[in-house]
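Just so you know, the sequences run in chain order F and U. One rule links them: number in the numbering used here = place in the first sequence (from 1) + 24. One rule links them: number in the numbering used here = place in the second sequence (from 1) + 24.
Quick caveat, the hints were computed from the structure, so don't treat them as lab data. Take these hints with a grain of salt, some might be off.
Given that identical chains are not distinguished, each listed pair holds provided it fits within a single copy or across any two copies.
Stated by the list, open to error - Calculated lysine to any residue pairs in the SDA-like style (CA-CA distance at most 25 Å, straight line):
#1 Lys255 x Ser314
#2 Lys127 x Glu215
#3 Lys325 x Thr233
#4 Lys255 x Thr242
#5 Lys55 x His138
#6 Lys255 x Gly239
#7 Lys55 x Gly290
#8 Lys255 x Thr265
#9 Lys127 x Gly290
#10 Lys325 x Tyr234
#11 Lys127 x Arg57
#12 Lys325 x Asp238
#13 Lys255 x Glu156
#14 Lys255 x Ser48
#15 Lys325 x Glu215
#16 Lys255 x Pro222
#17 Lys55 x Gly239
#18 Lys325 x Gly248
#19 Lys255 x Leu141
#20 Lys318 x Asp44
#21 Lys318 x Glu215
#22 Lys55 x Ala159
#23 Lys318 x Leu117
Number of protein chains: 2
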Amino acid sequence: MKAALFATAVFMAPCITLADPLPSWGTSQSKDRIVAFVDAVTDPDNPDYVTPSDRIAVFDNDGTLWAEQPVYFQLTFAMDRLAELAAANPSILTSPTLEAAAKGELQTIAEGGHEALIEVLNASHSGISVEEFQASVTKWLDTARHPDTGLPYDQMTYQPMVELLRYLRDEGFRTYIVSGGGLHFMRVFAEDAYGVPPEQVLGTYTGTTYETADGTPTIIKAPGIAFVDDKEGKPINIERTLGRRPILAGGNSDGDFAMLEWTTAGHGPRLGILIHHTDAEREWAYDRESPIGKLVDGLNKGPDMGWVIVDMAQDWNRIYTGSE
Amino acid sequence: MKAALFATAVFMAPCITLADPLPSWGTSQSKDRIVAFVDAVTDPDNPDYVTPSDRIAVFDNDGTLWAEQPVYFQLTFAMDRLAELAAANPSILTSPTLEAAAKGELQTIAEGGHEALIEVLNASHSGISVEEFQASVTKWLDTARHPDTGLPYDQMTYQPMVELLRYLRDEGFRTYIVSGGGLHFMRVFAEDAYGVPPEQVLGTYTGTTYETADGTPTIIKAPGIAFVDDKEGKPINIERTLGRRPILAGGNSDGDFAMLEWTTAGHGPRLGILIHHTDAEREWAYDRESPIGKLVDGLNKGPDMGWVIVDMAQDWNRIYTGSE
Numbered sequence: 025m026k027a028a029l030f031a032t033a034v035f036m037a038p039c040i041t042l043a044d045p046l047p048s049w050g051t052s053q054s055k056d057r058i059v060a061f062v063d064a065v066t067d068p069d070n071p072d073y074v075t076p077s078d079r080i081a082v083f084d085n086d087g088t089l090w091a092e093q094p095v096y097f098q099l100t101f102a103m104d105r106l107a108e109l110a111a112a113n114p115s116i117l118t119s120p121t122l123e124a125a126a127k128g129e130l131q132t133i134a135e136g137g138h139e140a141l142i143e144v145l146n147a148s149h150s151g152i153s154v155e156e157f158q159a160s161v162t163k164w165l166d167t168a169r170h171p172d173t174g175l176p177y178d179q180m181t182y183q184p185m186v187e188l189l190r191y192l193r194d195e196g197f198r199t200y201i202v203s204g205g206g207l208h209f210m211r212v213f214a215e216d217a218y219g220v221p222p223e224q225v226l227g228t229y230t231g232t233t234y235e236t237a238d239g240t241p242t243i244i245k246a247p248g249i250a251f252v253d254d255k256e257g258k259p260i261n262i263e264r265t266l267g268r269r270p271i272l273a274g275g276n277s278d279g280d281f282a283m284l285e286w287t288t289a290g291h292g293p294r295l296g297i298l299i300h301h302t303d304a305e306r307e308w309a310y311d312r313e314s315p316i317g318k319l320v321d322g323l324n325k326g327p328d329m330g331w332v333i334v335d336m337a338q339d340w341n342r343i344y345t346g347s348e
Numbered sequence: 025m026k027a028a029l030f031a032t033a034v035f036m037a038p039c040i041t042l043a044d045p046l047p048s049w050g051t052s053q054s055k056d057r058i059v060a061f062v063d064a065v066t067d068p069d070n071p072d073y074v075t076p077s078d079r080i081a082v083f084d085n086d087g088t089l090w091a092e093q094p095v096y097f098q099l100t101f102a103m104d105r106l107a108e109l110a111a112a113n114p115s116i117l118t119s120p121t122l123e124a125a126a127k128g129e130l131q132t133i134a135e136g137g138h139e140a141l142i143e144v145l146n147a148s149h150s151g152i153s154v155e156e157f158q159a160s161v162t163k164w165l166d167t168a169r170h171p172d173t174g175l176p177y178d179q180m181t182y183q184p185m186v187e188l189l190r191y192l193r194d195e196g197f198r199t200y201i202v203s204g205g206g207l208h209f210m211r212v213f214a215e216d217a218y219g220v221p222p223e224q225v226l227g228t229y230t231g232t233t234y235e236t237a238d239g240t241p242t243i244i245k246a247p248g249i250a251f252v253d254d255k256e257g258k259p260i261n262i263e264r265t266l267g268r269r270p271i272l273a274g275g276n277s278d279g280d281f282a283m284l285e286w287t288t289a290g291h292g293p294r295l296g297i298l299i300h301h302t303d304a305e306r307e308w309a310y311d312r313e314s315p316i317g318k319l320v321d322g323l324n325k326g327p328d329m330g331w332v333i334v335d336m337a338q339d340w341n342r343i344y345t346g347s348e
């Protein structure tokens, strides 16, 4: 019996080592290039070897790690929260924009542009402590369902990307999220959904204030946006927060262009990855003309800069973590 | 021979385990309380046990991890750098303030207040890439010497605090610097001096811009101060950057009060540590009346809040890392 167990152990060890770390990625050049890059930077005998402390990988969230159609999920949360707050206290709907938002009238918000968005965000995201805000996000994730898929939003993460994050960490990388999405919003689910702890989530943020009025110090979300973590804001935020240039960056839109550009322009081995939304059947197909996740520069310049352009329809066997 | 080696190994193991991790701390209540706290939060059988991911310790830098007299070391750097830049190009000294700074006339800068300080910082800290700026700090640390001690500035770190940082890390803590000092300035020496990597350094920062004018993306330090990491700014910056409340905080001035207050007001075991500069012989003695490192609230309220007040003269066997 003992001998049999020992034989099993010996037999299984190489199986575990050789198991495909990216089973949801089909046989593709994209997968081969990612694996070749990771193999190179983790092999001490390879001239491209990178010491673990510099193995930093950064990823956009909306459209890169989870879906972003028909509208950024955080905007849906904001409108749902506004509706909930208004049900208890209708007087908070102090403008036609807020009334429309509470009714879920996306078109009105879209037409109102940046100003309308800020109004909705202020009414739904500020004036409460970070803890209260995050509790409301948790509750929303537990109960809200996506109109098209019927899935909880945090199950519309991309299974191939969840595998990629885990694979990178298993290979000594630290994985960061660097997203235009809200910092406090994303931290609620990033650890469970992606294995990314709060201190490795970078995002857009409202200001906060430190209040001790009731004797207990509390950090309160203020209105307005203090920092937009998009476009050039992404490399700026990474440099400010990490003080290191990543060696791998993944995104899906022109909002990620500067982050991939800065990452891949560094010395030594670098990898840029763009997720191209090509799968109208299983997800959504959009790029150059889309108001959300617009991708023009990345498609025009990315291939010449050596970036991996992932064709979702071709390269991924599976899309969502929450459905086969 | 083998038996002897084995016996030596067996004999040495417990010695290593039992070696005092804080040899530069004398026999004192301060040391006992710190060790008791660490023992409690790292013992799985203790009700105060804290899981490693939550073992976050934050420390101010100036006056807590290294000295800050007769003037913040970064101001000395700024004036030295200005003098160096002016030697090559005198036209950069466009005001009496800058002329005084380049001559090292501290009194003039002090009298000029915040405005004079910003002028000196802008002229010495902006308009160059982060890499160029940090190279100038490295060079300064290699060559500049403190007027009183004759030591390189990065050897005027406090040996007892360097030991404390290492001890905490050995016990599964992550150690962060959260200082009013400049983020890009401190990152140059934090890893060598304290074992704190760049992504665990939080500080005051200038704005930065992302430039690709010459075809190579570069992050440039802009004039002005974008965020002051002092007073309420400290808990705000910690929450924003880490998304967690530390369980241990160390400081030395009222600029650290909010950080210690927020840290120690959290649920579960918490420790606040204030370094009280009581040693006029080996260092400097200052607190309530000092323009630098003013400590009033901490002395008045800290003891009742359970904070450890470290008496440098009594509690430390040794002061600087760079001298016995």
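_Homomeric proximity label, Lys255 with Thr265: Cα distance no greater than 25 Å_ = both (16 Å within a copy, 20 Å between copies)
*Classify it for me, Lys255 with Ser48: is the Cα-Cα distance of at most 25 Å met within a copy, between copies, both or neither?*
Neither. Shortest intra-copy (29 Å) and inter-copy (49 Å) distances fail the 25 Å Cα cut-off.
*asked:* Cα distance capped at 25 Å. Does Lys255 pair with Ser314 within a copy, between copies, both, or neither?
replied: The answer is within: 17 Å in one copy meets 25 Å, while 44 Å across copies does not.
*Within, between, both or neither: Lys55, His138 at alpha-carbon 25 Å*: neither (38 Å within a copy, 55 Å between copies)
_When Cα atoms must be at most 25 Å apart, do Lys325 and Thr233 count as within-copy, between-copy, both, or neither?_
Cα proximity of Lys325 and Thr233: across copies only (22 Å, versus 42 Å in one copy).
*Evaluate Lys318 and Glu215 at a C-alpha cut-off of 25 Å and name the case that applies: within, between, both or neither.*
So Lys318 and Glu215 fail the 25 Å test inside a copy (27 Å) and across (40 Å) alike.
*Can you tell me if Lys255 and Glu156 fall within 25 Å by alpha carbon in one copy, between copies, both or neither?*
Classified as between; 24 Å across copies, 30 Å inside a copy.
*asked:* At most 25 Å between CA atoms: does that hold for Lys127 and Arg57 within a copy, between copies, both, or neither?
replied: Result: close neither inside a copy nor across copies, 46 Å intra and 57 Å inter.
*Is it within a copy, between copies, both, or neither that the alpha carbon of Lys318 lies no farther than 25 Å from that of Leu117?*
neither (32 Å within a copy, 47 Å between copies)
*asked:* I want to check one pair: Lys55 and Gly290. Are their C-alpha atoms no more than 25 Å apart within a copy, between two copies, both, or neither?
replied: Cα proximity of Lys55 and Gly290: one copy only (22 Å, versus 45 Å across).
*Could you figure out if Lys325 and Asp238 sit no more than 25 Å apart (CA to CA) within one copy, between two copies, both or neither?*
between (54 Å within a copy, 17 Å between copies)
*asked:* Within a copy, between copies, both or neither: which one fits Lys127 and Gly290 at a CA-CA cutoff of 25 Å?
replied: The answer is neither: 47 Å in one copy and 38 Å across copies each exceed 25 Å.
Hint compliance for this structure: hints 2, 5, 9, 11, 14, 15, 17, 18, 20, 21, 22 and 23 are broken, all remaining hints hold.
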